[in-house]
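Chain by chain, the residues run as shown.
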Amino acid sequence: MGTFAFLLLAALLIGSALTVILHPNPVKSAMALVATLFLLAIVFVLLGAHMIAVLQIIVYTGAIMVLFLFVIMLLNLGDEEAATEWRRRVVLRGLAGTVGGIVALQLVRLIAGAPLGRMVDAPEGYGGAVLVARSLFTDYVLPFELTGLLLLVAVIGPVVLAQRGGR
Amino acid sequence: MWTDVGIAFAKAFAAFMLILNMSAVLLWVERKGSALIQDRIGANRANIFGGLLPFNLGFINTLLADPIKLLMKEDAIPEGADRTLHFLAPFLAVFPVFVTFAAMPFGDVLIVGGREINLQVAALDVGILYVLAMSSLAVYGVVLGGWATNSRWSLLGAVRGSAQMISYELALGLALVAAVMTYGTLDMQAIARAQGEHLGGVLPLWGVIYQPVAFLILLIAGIAESKRVPFDLPEGESELIAGYFTEYSGMKQATFMLSDFAETVVVAGLAATLFFGAWQVPFLARDGWHLPGGLFLAMPHLAVVGLQVAAFTLKVFLLCCFQILVRWSLPRYRYDQLMDLGWKFLLPLALANVVVTAVVIVLWAS
Amino acid sequence: MLDQYIGVLFTFVIGAVVVGVMVSASALLGGRRRTPVKDEVFECGNPSSGPARGRFSVQFYLVAILFIVFDVEVVFLYPWAIVFRELGVPGLVAMGVFLAILTIGLLYEWKRGTLVWE
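Protein chains in written order, with the numbering used here: chain A, 1 to 167; chain B, 1001 to 1366; chain C, 2001 to 2118.
Simulated from the structure, these hints should not be mistaken for lab results.
A few of these clues could be false.
[Said to hold, decoys possible] Some chain B residues near chain A, calculated using beta-carbon distances under 10 Å: (1) 1185; (2) 1287; (3) 1340.
[As the list claims (entries may be wrong)] Residues of chain B clear of chain A, computed beta-carbon distances all greater than 12 Å: (4) 1006; (5) 1021; (6) 1229; (7) 1325.
Keep in mind it's a predicted model, so treat the numbers as computed, not measured.
The beta-carbon is built from N, C-alpha and C at its ideal position, and this holds for glycine as well.
From just these sequences and the hints, can you work out the full model?
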């Protein structure tokens, strides 16, 4: 039952991921990415990481993809160029596909060949809100503060860039 | 195992029916209530079989006639519009909102045949975050709605609408942080149960007493999220025709309208659960009434459950009515006023509320 | 814990079915008479002023970016809100530093005029 659910999810994930890269319409591509990220969150739930799943939906699917959509829509990116440049498109896709395929193959070999670690029981409440919270603010306080600085840069940067061109 | 699955399905179905029917009732309240406020009669022209029947169902005629009319309308899609997105937009406007109800507790426990059923579709330990996550997905309905129809004015309404929604989502999230801090958990059923205490045995210690500011911010941000008046510029009823959902006819338009009411119900549900004790009835515990002065009245279990579910429904309904009242009382905010309110007032206020709550709680505890 | 998500799954399925039927109902039940006028976009009777695609104010992007940043801030606040009692004053200080950094960002945006809409 669990395997079936996972296989179904994996098939949907791969399908929507392929739609992202293959679909000519950028808006539909972006929506396929939204679907992919949502399905990924479901995979997280299946792995027991509920907190991260929900946070992924809030931040990634709910915020970052909205920005993507804004950019695509407001920049008026049209559909991919039509038949005249299909040769170039085929060459580029072939190149990207080959490189991607090599990387994926190496990854699979790495994971398949890795020795099976010692299986440890996950602590009670693993993946839940409390454990994530506790470890975040005790073991990982420094990365947390650095993230704050990174966010500050993210706030100031776009404004500087945007207004340099405009004004 | 199959009994558990069946129970889960029954709960999901019941919660769905609750929100769907509440939306329908709200439609009735909205139209007749607004008529009352505006000193007019409201829709009363619909008739069954031209008045041949000896009874008249009154306003129910209109409630029956409207959906039938909308069902039979042609699904007109403008030229150049994208068919898939045209279907997806109303779907995404409503589906995430309906789904948030999975985390809301509508009762305590129902003990049937030795089985304790938690009256909540899913007892998620990240309940509040789940509600926030699903509400954040509702933005896509607006964004796609304007884009899919290839209409410049719809797109303008859509972009404004989504910018408004995301701005107020921040204030909403922060207000809820304060509520979570008070109870120390994201599980909504646990928060509901924690509001059963009474101050001095008399005053029910509901969330609004601990976090009045958070409640106000939730209400304002919630009304802005559902793009109701006074924040309905993206819909712009007298300006942009129907704003981002102009080019949708028939049931697609009905679905967009439904998203308005569904969001209202969700905001009311959140407020009721976090700030008004969800299903808690003052002085009612699982076994009966514990009245001030030491009086104890035992109550059969089913009666207690019935009262609690009714209490939740009533609270949600009243909060929805309040939102409807606000709609028909206030003029519309201008867009820059709207964004100012979200970023320069509510956001700092919510942040300050969080900080103050944190300091107070930590200092009090030590 | 995982078995709670069965309820969520059912809610998703029921929701998808109901909303899907609602949205496609008109397409199936409604009439189908295409006329050239119906194909045009509605602009209060004016002839169409052109396709929807055009450039929009950069302010919308900035709002979206600011939203992302502050959404991440809110997302960090939630785990902290659950455990801050155990963390005591050190936790308060840690989150306080974080909030202060981001408040500086907000104030910067405010002074810079990004939050002002024309």
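Here's how the hints hold up against the structure:
Against a cut-off of 10 Å between C-beta atoms, the interface hint on residue 1185(B) holds, since the closest Cβ of chain A lies about 8 Å away. The restraint placing residue 1287(B) at the interface with chain A is violated, with a minimum CB-CB distance near 31 Å, outside the 10 Å limit. Checking residue 1340(B) against chain A by beta carbon gives a least distance of about 18 Å; that is not within 10 Å, so the hint is violated. Every Cβ of chain A is farther than 12 Å from the Cβ of residue 1006(B); the closest lies at roughly 16 Å, confirming the non-interface assignment.
Distance check on residue 1021(B): its Cβ is at least 28 Å (rounded) from any Cβ of chain A, clearing the 12 Å threshold; non-interface status holds. No beta-carbon of chain A is positioned within 12 Å of the beta-carbon of residue 1229(B); the least distance is around 24 Å. A cut-off of 12 Å between C-beta atoms confirms that residue 1325(B) is not in contact with chain A; the least separation is 30 Å.
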